Amino acid sequence: MLPLWPKYLFMPILSLDPRVNRLQVEQVPEHQPPVLVPGDHWPSYQVFHQRRRGEKHSSVGIVHAPSLEMAMAMAKEQFGRRGETSNLWVVCTADVLEMDYADEEVFRTTPFKSYRDPAGYKVNEKIDAYKAKQTP
Amino acid sequence: MYGGGYIPAGVEETKAQAESPELLAQFEARITRGEKIEPRDWMPAVYRKQLIRMIEQHAHSEIIGALPEGTWITRAPGFRRKLALMAKVQDEVGHAQLLYSAAETLGKKREDMLNDLINGKSKYSNVFNYPAETWADVAVIGFLIDAAAIVNQVANSKGSYGPYCRALERICYEESFHLKQGHSVFVWLATGTPMQREMLQNALNRWWEPIMHFFGPSDTMSQHTETLMRWKVKMATNDVMRQQFLNIYVPKIWDLGLSLPDPELRKDESTGQWLFTEPNWDTFFKVINGDGPCSRERLAVRKVAEERGAWVRAALRRADARYATPLA
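Chains as they are written, first to last, in our numbering: chain A, 1 to 136; chain B, 1 to 328.
Hints listed in this document are in silico derivations from the structure and should not be mistaken for laboratory results.
All of these numbers come straight from a predicted model, not from anything done at the bench.
Possibly wrong hints are sitting among the right ones.
Said to hold, decoys possible - With a straight-line cut-off of 30 Å between C-alpha atoms, the simulated DSBU-like cross-links for lysine-lysine are:
1. 56/A x 49/B
2. 49/B x 15/B
3. 36/B x 113/A
What the hints assert, rightly or not - Listed next, the stretches of chain B that the computed footprint assigns to chain A, with coverage defined by at least 3 CB atoms under 8 Å from CB atoms of chain A:
4. 33-42
5. 110-116
6. 130-136
7. 252-259
8. 305-311
Heads up, the beta-carbon is just placed ideally off N, CA and C, and yes, glycines get one too.
Pulled out of the complex, with its shape left as it was, chain A reads as follows (with noise of 0.2 Å):
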């Protein structure tokens, strides 16, 4: 049985907008959409970015999507808009294993591991040591 509702509530929506009148809305109160529940909207992507070749592909943002294929579509869609693009990649967040943010305490020094770089071996001043004593 409906409620005594005004009856101006049973008229479509009169915007200014044609595209809204065409839609034929009523204003109910009571008129509830389904609740959504988590999963009708889709899980989600990671969506990684490829501006020109020989670059490498960005982590640029994430996307909902029913299947990769439909997640592709949409990463071209909302990364691909503006600007250049030369290659996308689409991966299942669940598919992705995160390390832990508690753990790059294990990494804090590696910075400071100067025997892993370049700039930690210097020999100039040896050579330098050397050519002075070498010359009569």
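With chain A held as given, fit chain B onto it using these hints.
Okay, now just chain B, sitting in the frame of chain A:
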């Protein structure tokens, strides 16, 4: 497009203290060092809650903001203007996508955010509850509302939450095109025929109050605001952002010989601050609570989109789909 005026006072720092004083100290030290907080880091529950609320409102504003401007796509004056407006409206919807994802990294599902938009539980920027009556409204929205949004978003892009900052960087880049195209339409009308100028002046008069409302009411510099600013959730007070906006854009409007419907509006040269008549804040709260001129239409259109699109999404959905919180 978004104004951050709706963060209600309610951050109880003591609660964050109670969770874990040690983790809180580390969290705050990270922010002080200028480092970003990433999704799986420890964060105070109130920080998470405020960010979700803020990013979600921002996302809703983008998706609803597409509606008033979309009004004029079918009747844009000329092909280039039509292309530009379609591109802008598409950008706004794209921004909503970026922002929903950023909010999702904090643990609120996209579907729950959309439910809360439709059932009126979460808010969006007031300005989108006003109609775009003429093509000149498109000029005013594109130029001034986007300009105000940029002031807000540039500030927020220097905030502490990594995914929100990354989304905002891209958004600001695209918004600068919106501002430029809005300014172009604005200048075309301002320097056009007397009828075009009149149309623009009328639109400006209609939009001035919503624009003054945009940054929200004056913040009381409470303990809560201070905590949010220390955590870099809120980057500047509503008043500071409103002053920045007035300082850049009022002269640009006056330059074109247009007027603004506030006789008190002027810059106090001794303080550098703009003086203005306080807009009616009762109207502001009335509109936030769903009683704006277009509030019902906006939500009805959004509901219909969810409702009539449901079968398409269901048909494409796969039984083996696996959900994972987006990474960034």
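30 Å Cα cutoff - pair residue 49/B, residue 15/B: The hint holds at about 12 Å.
Given that the region 305-311 of chain B was listed as covered by chain A, double-check it with a C-beta distance under 8 Å for 3 or more residues. holds (count 3)
Given the hinted pair residue 36/B and residue 113/A, is their alpha-carbon gap at most 30 Å? This hinted pair holds, its Cα atoms lying about 25 Å apart.
Check of the region 110-116 of chain B against chain A for coverage (Cβ-Cβ below 8 Å, three residues minimum): Coverage by chain A holds for the region 110-116 of chain B (5 residues, Cβ < 8 Å).
Can you take a look at whether the region 33-42 of chain B is actually covered by chain A? Rule is 3+ residues, C-beta closer than 8 Å. It holds, with 3 qualifying residues against the three required.
Can the restraint linking residue 56/A and residue 49/B be considered satisfied, given a maximum Cα separation of 30 Å? Roughly 36 Å separates the two Cα atoms, so the pair is violated.
Taking 8 Å as the Cβ threshold, is the statement that the region 252-259 of chain B is covered by chain A upheld or broken by the three-residue rule? Since 0 is below three, the answer is violated.
Chain A covers the region 130-136 of chain B, three or more CB atoms within 8 Å, holds or violated: It holds: at least three residues are needed, and the region 130-136 of chain B offers 3 whose Cβ sits within less than 8 Å of chain A.
The structure fails to meet hints 1 and 7 from the earlier list, while all remaining hints are met.
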